[in-house]
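*Asks:* Each chain, letter by letter, is given below.
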Amino acid sequence: MAFLDVIILLVKCLVLALATTTMFAYFTLFERVLLARFQHRVGPNRAGYIPLPGGRKLLGGFLQPAADAVKLFFKEDITPAMADKWVYLISPAFAVIPALIIWATIPLACWPSGGDGIVPQGGCAPAGGSNFLQLAEFNVGILYLLAITSIGVYGIAIAGWASNNKYSMLGGVRATAQVISYELALGLSVLGVVMQASSFSTADIVAGQWGWWYIVPQFLGFVIFLIASTAEVVRSPFDLVEAEQELVGGYNTEYGSMKFALFFMSEYIKLVAMNAIAVTLFLGGWHLPGLYTLSQAVTDNFGQFAGAAVLGLTSLGAFLLKVALLSFVSVWIRATVPRVRYDQLMHLGWKVLLPMALFNIALTAVLNVLIPDRYIGGVIAFVIGLAVVIGVAFYQGPRKPSSEVTLVNQSAHSVGVQAKT
Amino acid sequence: MLGELIKGLGTTLKYLFKKPVTVQYPEVKRPVRERFRGRHELKRFENGLERCIGCSLCAAACPADAILVVPGENDPNHPNSPGERYAATYEINMLRCIFCGYCEDACPTNAIVLEHQYELSFYDRKSSIYTKDMLLVAADKGHGEIPPVLEQMQRRPSPPAQIDL
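Order-wise, the sequence lines are chains A and B. Read in order, the letters of the first sequence are residues 5 to 425 in the numbering used here. Read in order, the letters of the second sequence are residues -19 to 145 in the numbering used here.
Looking at chain A on its own, in the form it has when it is part of the complex (with noise of 0.2 Å):
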């Protein structure tokens, strides 16, 4: 029985290892299709397409992420003459497998399996047993979670240091910096849900969203955690690791081939990861109102194991949704704001998420002693967040240039161009 339960869990390993770098090909369309919309353009609509009757085609490109791995599986492999060679190989593993591992903890549905079969409210596992759509449930998920997202940032670092090339050494020292700067920011805000939910379990953060997902209570926290996560995986408008105009291509510059692919591969990755861990924490993960009812309705007709099929799907779909429409907001969202200048992105970091955190964490922890009714101290704590957010968005907005510039003395410069005279 032992045997057979460590082959369903690699089996189970290798689905979910498969599904993401599946779902990692197919978000780069969503997201050059969904840019091209923005943009005025059409995207991509050559490679493959299913034909329909009069001529039309239907979902035309959706073979184009197969044609990108096969031209990149086929390009030149080239390793730098004076690069660490050893170093330079391994980085990208060491990018793309923290990005991998991410999924693990995430409750990706609710399948519940084994046990005595009655599923408790709000939750999944039953007594006993588990959710079958969740790789590894263990009581400190999230710190699990918030070391594996941060240590993603070393293959980038190792890559820029090996490559001997000082554009890529800039690209990782600046998402090193980066990545530290924010990572207290996204720590304190999941902070918040954690003292929400009194548990570091992602299954149990799930649970305590049943009809009331964390969005509400923990709003600061929301806002503050996609906006940390959005720089913790550097993508526009934090992509300044991978500026062109100043870095050429930034910490990948001197890798080609499938290397460069899995530097793509782990970005990616990380960004769909973190949408799934803003889902988990804020939006009620899998959660999705009526699904109980109808899988109950299920098990009363078809048995036990068809109603937990139901529900394991279902919820599958309406996590997966709830992925897709965060992944939307980050696309929307890039196809917006431009990139924002260093210092910039260091004041927004330390000096106007790390605070507003920090008051997130002071609130929750205020209101959930003195208002024990959770929907009465939830509004309370969803309107004050809202407050901070637009107060801190009005007062914190684009700074004058008179603070930003070092301005050059005005007599100072009149006598040096009287001397050249």
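Just so you know, the hints here were simulated from the structure itself, not pulled from any lab data. Built from N, CA and C at the ideal position, the CB exists for glycine as well. Don't take each hint at face value.
Said to hold, decoys possible - If you want the footprint, here are the derived chain B segments under chain A, 3+ residues with CB under 8 Å:
| hint | stretch |
| --- | --- |
| 1 | -13 to -2 |
| 2 | 1 to 14 |
Claimed, not checked - Distance windows between CB atoms, simulated:
| hint | chain 1 | residue 1 | chain 2 | residue 2 | range |
| --- | --- | --- | --- | --- | --- |
| 3 | B | VAL117 | A | ILE54 | 23 to 33 Å |
| 4 | A | LEU292 | B | HIS96 | 50 to 60 Å |
| 5 | A | LEU362 | B | LYS(-1) | 45 to 55 Å |
Given chain A, work out where chain B should sit, using these hints.
*Replies:* Relative to the frame of chain A, chain B by itself:
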């Protein structure tokens, strides 16, 4: 700042629901202007005779030296063109041609015309040379009557003035 952010997001969202401006090129081709200067064509008269009389003025006018004309004497029984001579060889090197249209201006019989075809690509330099068979229009695509001055076989039209056709 929040206001600007929302305004920007609204602008991009508005464009999401608009029809893209992209023209799907190989399937959809935008029409060119009437006076567009594309690939050359050698024209014919209404009765099927070639308009080119092999005078080489186009070659002389060409700033890129892209045109080669070798004139030949017409067989009086089976003339290729009205008048004494015709172009035995007529070649245009499309890699040299700059599509300025000076050949068109120089031609006394309006034989060479830059038409609207613009898809001129080839895999090697040899195929960049367009010969007379490629440039000449079909025998039934001619237009216009032969002007009387070209019918006077004894009198060479010299100097070859622009004949208003």
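*Asks:* Hint numbers the structure violates, sorted upward?
*Replies:* 3
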